[in-house]
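> Single-letter residue listing:
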Amino acid sequence: MLSWCHRLVRLIGEPVRGVATYQLAPTRNDAMTDTRHPSTAQAPASAPGRAPDPALAGDRPERAAWRDASSLIPAVVPLGLAMGVALGDTAAPGVVAWFSSLTLMAGASQLALFTQLDAGASILVAVGVVIVINARFLVYGAVMAPHFRGQPRWFRALGAAFVVDQSYALTTARWPGGHSDRAGFRRYYLVLVAVLGLVWSASVGVGIAAGPILPAWLPLEVVVPAMFIAMIVPGMRRLTEVAAAVVGLAAAGFLVGLPPGAEIAAAAVGGALIGAWSKERS
Amino acid sequence: MNAVAGLLVASLATYAIRLAAVVAVGAKPLPARVERALRHAAVAVLASFVMSGFVGRDGVGALTAAAALASVAAVVVARLTRNITLAVLVAALVYAATSAVVG
Chain A
1 MLSWCHRLVR LIGEPVRGVA TYQLAPTRND AMTDTRHPST AQAPASAPGR APDPALAGDR
61 PERAAWRDAS SLIPAVVPLG LAMGVALGDT AAPGVVAWFS SLTLMAGASQ LALFTQLDAG
121 ASILVAVGVV IVINARFLVY GAVMAPHFRG QPRWFRALGA AFVVDQSYAL TTARWPGGHS
181 DRAGFRRYYL VLVAVLGLVW SASVGVGIAA GPILPAWLPL EVVVPAMFIA MIVPGMRRLT
241 EVAAAVVGLA AAGFLVGLPP GAEIAAAAVG GALIGAWSKE RS
Chain B
1 MNAVAGLLVA SLATYAIRLA AVVAVGAKPL PARVERALRH AAVAVLASFV MSGFVGRDGV
61 GALTAAAALA SVAAVVVARL TRNITLAVLV AALVYAATSA VVG
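As they're listed, the protein sequences go chains A and B.
Heads up: the first sequence is residues 1 to 282, going by the working numbering.
Heads up: the second sequence is residues 1 to 103, going by the working numbering.
Since the hints were made in silico from the structure, they are not lab data.
Some hints here could point you the wrong way.
[As the list claims (entries may be wrong)] Covered stretches of chain A, as calculated for chain B (at least 3 residues, CB under 8 Å):
(1) 145–159
(2) 194–208
(3) 237–249
Just so it is clear, CB atoms sit at the ideal spot from N, CA and C, and this is done for glycine as well.
Bound conformation, chain A alone (with noise of 0.2 Å):
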């Protein structure tokens, strides 16, 4: 078992070492600097034995990663309970509605999913819905490639899978740029997903089982809201990104009752002809 460990952590490549005697140490390949970003620029990737990552801020990429998907459980959960309620209601079998958190992961997506088909649409109408509610994941993917780029094809095609709205928002908000350790960066985001994955699913889980006997004082109307807000109020440096929010928060306020999916493409639209328009800040 401890060797299947220790070759795990060799894979996602991070040499085994004890913790007292932790540095990062990245590869002749595991590095990369953004220059357009100051905190990625400060380390330049060919310097031999320079500091970690400085968006770490000297934590073990496992341990940050650990603490900022731990920020969003209490958000998290309820919002997967409701989910399970909600799923629990469709006609899908329970092992098929949970098996759609670990393969769809997007809420959103995985109800609209179940109850289009409820409602009588072939597969291809429901998939097609899908598709646009989750093609926000294009916008996500494309910003997080920076971190992606490099990096060993493996790590690609499983993190491809976990971009989501929380790893989206928590990785952009540790690195607005680029990381300056790929190795660091990979170990960083495995355990984020990890962790946002399971408690997501079990929660998901626990909905679908025991729907009918959750309290129905969990303030769902309140806690994801807020969670989302949470997740990209710190992130948030210019005007022109409030003003991406006020676009994204009228699109959904206005276009209630169009089709599913219809508000998240206005805001995409919309925030992205803002973001087009505004200039670099000097």
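Using the hints provided, position chain B relative to the given structure of chain A.
The following block gives chain B in isolation, referenced to the frame of chain A:
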């Protein structure tokens, strides 16, 4: 059967979207203007989930005064502390304390 087939196709399509963005779009650095557009689009999308949380995708819910107050509290706490847990808890407490008073 429909649910299984639908989930399989939807999962593959969603994975293709994610992988395409990470691998194909991110093969080389994007122009700064495009990157800014994408970042702002992501902010707008995440913000849309805030409102969707209040009113629901079908418009059944409503943005109440208590929820608005709780949101303001979440914004302030998140801005000052950058602590998601604290922001969510404070928002929940503000909501619980004010919903009976202001509706």
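> Counting residues of the region 237–249 of chain A with a beta carbon closer than 8 Å to any beta carbon of chain B, are there 3 or more?
holds (count 8)
> Closer than 8 Å, Cβ to Cβ, for at least three residues: run that test on the region 145–159 of chain A against chain B and report holds or violated.
This one holds; 7 residues, not fewer than the three required, reach chain B with a Cβ under 8 Å.
> Quick one: see if chain B covers the region 194–208 of chain A, three-plus residues with Cβ-Cβ under 8 Å.
violated (count 0)
Violated hint for the displayed structure: number 2, the only one.
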